[in-house]
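The task is simple: from the sequences and hints, build the whole structure.
In the order they appear, the protein sequences are chains A and B. Just so we're aligned: the first sequence equals residues 1 to 231 in our numbering. Just so we're aligned: the second sequence equals residues 1001 to 1231 in our numbering.
Quick caveat, the hints were computed from the structure, so don't treat them as lab data. Any given hint could be a false lead.
In silico DSS-like cross-links for lysine-lysine, where the CA-CA straight-line distance does not exceed 30 Å [claimed, not checked]:
hint	chain 1	residue 1	chain 2	residue 2
1	A	Lys-105	A	Lys-137
2	B	Lys-1105	A	Lys-204
3	A	Lys-105	B	Lys-1105
4	A	Lys-55	A	Lys-158
A few chain A positions that, by computed beta-carbon distances, are all more than 10 Å from chain B [as the list claims (entries may be wrong)]:
hint	residue
5	Met-3
6	Glu-136
7	Ala-141
8	Arg-212
9	Asp-230
The structure presented is a predicted model; accordingly, all values stated were derived computationally and were not measured. Every residue gets a Cβ at the ideal spot worked out from N, C-alpha and C, and that includes glycine.
There are 2 protein chains.
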Amino acid sequence: MGMILYDLAGAEPARRFSPYCWRSKLALAHKNLDFETVAWRFTDKDLIASSGQGKVPVLQDTDHVISDSWDIACYLETAYPDRPSLFGADAGKALTNFVNSWADKAMAPAMAPLLLVDILDHLDEKDKPYFRQTREKAFGAPLEEVVASRDARVNDLKRVLEPLRSLLRKQDFIAGPSPLYADYAVFGNFLWAKCISSFKLLDKDDIIGQWRERMLDACGGLAKQSPGYDF
Amino acid sequence: MGMILYDLAGAEPARRFSPYCWRSKLALAHKNLDFETVAWRFTDKDLIASSGQGKVPVLQDTDHVISDSWDIACYLETAYPDRPSLFGADAGKALTNFVNSWADKAMAPAMAPLLLVDILDHLDEKDKPYFRQTREKAFGAPLEEVVASRDARVNDLKRVLEPLRSLLRKQDFIAGPSPLYADYAVFGNFLWAKCISSFKLLDKDDIIGQWRERMLDACGGLAKQSPGYDF
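See below:
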């Protein structure tokens, strides 16, 4: 018998819209595994009681009952290693490029408005007019005006960092048990701030702060040797 | 002779704060490669003219001159394959977890406020009170009120998607030349919308739309068979 996936449905039984169930269906298909779906509604808690929780996707593979789309992906990868990999031994570079892109396009833009004046203050005199002119053009306002709201704006950064925070509850480094370039791409942004600013980017109990301390010891403590402020 | 890295400096020559230069320094250290840094200021365009552009990091490795931190990382990985990998053959799962976390914590929260009423409209009658009650509690407002501003709010989603957009200019799928679970995690969110809503999430010329079309053909066209709306 193939596997059974409990799959969120609308009024039409065939309208299966859950993004998390889609992840599981695509993962099952990727591995060429036979599966049937059972239309499930939010209120059908009894149907998935054996999973010990109340949300779908729930996968039943003979005696195994697995919930949570990420756990299902990990289960399929481990239980069916001869099928096409879901995570890809050679995908590291491409996926690192995603993290790199996130560091560039989500994290850095949320950090820059907090740091502009601290950067200016640390520049060589000959660079200051260049920096002010190019950055004020980019931000459309005097640097001091952009930074004036940073006590409020830092919350935008904290929100942008939520995917990283959530990940670090599950693993020590972005790349797994030890740091790789994906970690350096993100840590580079924190070092940018550390070198020129004493402004606190994270709450004291933020798990990202613990990773940041671990990263200071990476590569023989390379980053520790640079002039800078305490995180 | 070791390599030379042109490294942005402040007024103090030792204050090296560029996040992109940090990525390159950490990458060089990770690979245990000898390198010297040269303090560079924004206005020292002449010093790096051989790179054909005006920004650091610029790496000079004997006859090779490479700019852009990502290109430097790729160069080091290719030119020094016997040194510790920067991208990691086994890092695929951990990095996929980052993409998964981004899909959960950045993308989905930006999509949900656009879709709540469309979801409600497609639910089984018995599920509607449950959905309204739990989601109105989470959003702190009537669903109709949350969705009323979606023509403006969709811009938040478009901004959140910028890392994906930037990545897809460089590679066909998130996981590289063909889709893996990282693609499914993100595509699942788009399918969520497709199944229940005709609201347009992307501009017509958005490169993410082309990836989304390619993903419809993934896994034997699995997602195409589900009742839904045109993207």
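Against the structure, the hints:
| no. | hint | result |
| --- | --- | --- |
| 1 | A:Lys-105 / A:Lys-137 | holds (18 Å) |
| 2 | B:Lys-1105 / A:Lys-204 | holds (21 Å) |
| 3 | A:Lys-105 / B:Lys-1105 | holds (16 Å) |
| 4 | A:Lys-55 / A:Lys-158 | holds (28 Å) |
| 5 | Met-3 | holds (15 Å) |
| 6 | Glu-136 | holds (14 Å) |
| 7 | Ala-141 | holds (19 Å) |
| 8 | Arg-212 | holds (13 Å) |
| 9 | Asp-230 | holds (15 Å) |
Figure legend: structure checked against the earlier numbered hints; every hint is met.
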